[in-house]
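S.K.: As given, the protein sequences belong to chains E and V, one line each in that order.
Be aware that the first sequence starts at 1, since it is given in our numbering, and climbs by one per residue.
Be aware that the second sequence starts at 90, since it is given in our numbering, and climbs by one per residue.
Everything labelled a hint here was simulated from the structure, so no lab data went into it.
Worth double-checking, as some hints may not be accurate.
As the list claims (entries may be wrong) - With a Cα cut of at most 20 Å, we get these calculated SDA-like pairs of lysine to any residue: (1) LYS393(V) - PHE50(E); (2) LYS280(V) - SER206(V); (3) LYS268(V) - ASN68(E); (4) LYS268(V) - GLY37(E); (5) LYS352(V) - PHE370(V); (6) LYS420(V) - THR457(V); (7) LYS5(E) - SER28(E); (8) LYS402(V) - GLY43(E); (9) LYS230(V) - PRO265(V); (10) LYS401(V) - GLY49(E); (11) LYS54(E) - VAL83(E); (12) LYS401(V) - GLY61(E); (13) LYS467(V) - PHE13(E); (14) LYS420(V) - ASN383(V); (15) LYS268(V) - GLU67(E); (16) LYS233(V) - LYS352(V); (17) LYS267(V) - ILE38(E); (18) LYS209(V) - LYS280(V); (19) LYS54(E) - GLY470(V); (20) LYS402(V) - PHE50(E); (21) LYS369(V) - GLN428(V).
Each chain, letter by letter, is given below.
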Amino acid sequence: MENTKTEEIIREFITVNLLVEQKDLLFSDHESLIDSGIIDSFGIMALLGFLEEKFAIKVDGADLLPENFDSIITISSMVGQIVNRQSEA
Amino acid sequence: MDFSYTDEQLDLRDSIIKFSGQELNDDLAEHDKNGRFPMDKWKKCADMQIMALPFPEEYGGHGANFLTTVLSYNALAYACKDAGLVHAIGTQILCGFQILHFGSDRQKQDFLPLVCSGEKIFAQAITEPDSGSDALSMRTKAEKAADGRYVLNGTKMFITNGPIADVVVVFALTDPAKKTLGGISCFIVEKEFAGFGRSKPLEKMGLKTLQNGELVFEDCHVPPTHLLGREGQGALIFNESMELERCFLPAAHLGTMERVTEKCVRYVNERNAFGHTIGKFQAVAHKIAQMKVNIELGKLMLHKAAALKDQKKRASLEASIGKLFISECLKKTCLDAVQIHGGYGFMTEYEIERDLRDSIAATIYSGTSEMQYNMISKMMGL
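Please take these sequences and the hints and turn them into a complete structure.
M.R.: The following block contains the structure:
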């Protein structure tokens, strides 16, 4: 799956599901979602469920690192790495 | 969908029920009255290898899947009337899961055999005097010293198994400047570490045999080899741990509900009033019918969550719904059981009042019912 498409899908999920009262909030793909408060520990729970179902991946303990969820870019990158790893297995 | 159990699961369930009924219920009234932990019963459960069930064989475990472990834990709570002992065993297993999923190879080798054998008692320390539901606003700090060790300072409260723990999985702030994600880490602290202190057990209204207490860290030095997972990974480990806990501990609640419901059925079929057994009164029968409804619905939710975990899938929503529903039903079942038994239900000799006292904590630990409602509503997009 192309990275830009993955990023769009992730952005849409975050905007619709995690920014319930701030849907017009602008943030770049590189912006820290954690530092800006867009994602908190609950948001990660919801995001994980979405990522695993949408991209048919399993996010293991080794992938559950804060830096992997810091921005849309890093989330997309993590998804790509897991997809590749699963397809090679 | 096939909801039937395998022959192996049924055999395991039967053997645990038989063992528990025979070995775990004597002296309970005495232990409950005095708040004494039944160490002899703990060792019997360890010999029965109950704590070892879900862990890989290379660590002394049985390699059982999560559903089988849930069913076994349910069987234990059904036949063992000591909910405190059952909860202590549950905590042991949950600590084992944390090490299994996030530990280094060395940590798994060092600690999982001890989890499985019950030789060491494990606890997990998250809650503090000023942070319960808002667990991640903890204040216990872990500062890295020049030699690479972490120095822990702070206090944890209400810690299950705390007063008797040999090993504690401790959550602490490693970077207070960061928000919760990235700022909290997880450590394996052994009781021998200097600066680690355990209080005497707190007196509680229920689960009296379970030992809960305060843990104090005063310049407690923890070697870097005892960091669980990566630095800053604590909040994510916490999330995963809570999801598993909510998929697992309610199995015990269901076991208690089943036992209490059966007790009610026996009583109302024997007790007479106004010319017939009181089970014929709708006011009584409907209460017991509701108990049955709650048990069956609770089982479906519990089993769905367990099946998802065995498929390596996320079960956050199912875990919250199951925990909320089952724990609230447990309290209701026990309260109705007291009412159904009338004056006898109020007497300690009949043991139902103990089940009720034990049940009250179920809607508090692993995230209160209010927190479960919050999470469910957030997951619905509210």
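S.K.: Next pair to validate is LYS420(V) with THR457(V); report whether the Cα-Cα distance is within 20 Å.
M.R.: Holds, at roughly 13 Å.
S.K.: Between LYS369(V) and GLN428(V), does the CA-CA distance stay at or below 20 Å?
M.R.: 16 Å, holds
S.K.: Given the hint that LYS467(V) pairs with PHE13(E), test it: the Cα-Cα distance must not exceed 20 Å.
M.R.: 14 Å, holds
S.K.: Hey, LYS209(V) versus LYS280(V), does the alpha-carbon distance stay inside 20 Å?
M.R.: Within the cut-off at roughly 10 Å; holds.
S.K.: Given the hinted pair LYS352(V) and PHE370(V), is their alpha-carbon gap at most 20 Å?
M.R.: 17 Å, holds
S.K.: Would you check the hint for LYS233(V) and LYS352(V), treating anything up to 20 Å between C-alpha atoms as holding?
M.R.: 55 Å, violated
S.K.: Is LYS54(E) within 20 Å of GLY470(V), Cα to Cα?
M.R.: Judged against 20 Å, a Cα distance of about 17 Å means the pair holds.
S.K.: Between LYS402(V) and GLY43(E), is the straight-line Cα distance small enough, at 20 Å or below?
M.R.: 17 Å, holds
S.K.: For the pair supplied as a hint, LYS401(V) and GLY61(E), is the alpha-carbon distance within the 20 Å limit?
M.R.: Answer holds: LYS401(V) to GLY61(E) is near 12 Å, not above 20 Å.
S.K.: Taking only the CA atoms, is the gap from LYS268(V) to ASN68(E) under or equal to 20 Å?
M.R.: 15 Å, holds
S.K.: Could you grab the alpha-carbon distance between LYS420(V) and ASN383(V) and see if it respects the 20 Å cut-off?
M.R.: Answer holds: LYS420(V) to ASN383(V) is near 11 Å, not above 20 Å.
S.K.: Taking 20 Å as the top limit, are the C-alpha atoms of LYS268(V) and GLU67(E) close enough?
M.R.: 13 Å, holds
Violation of the numbered hints given earlier is confined to hint 16; every other hint is satisfied by the structure.
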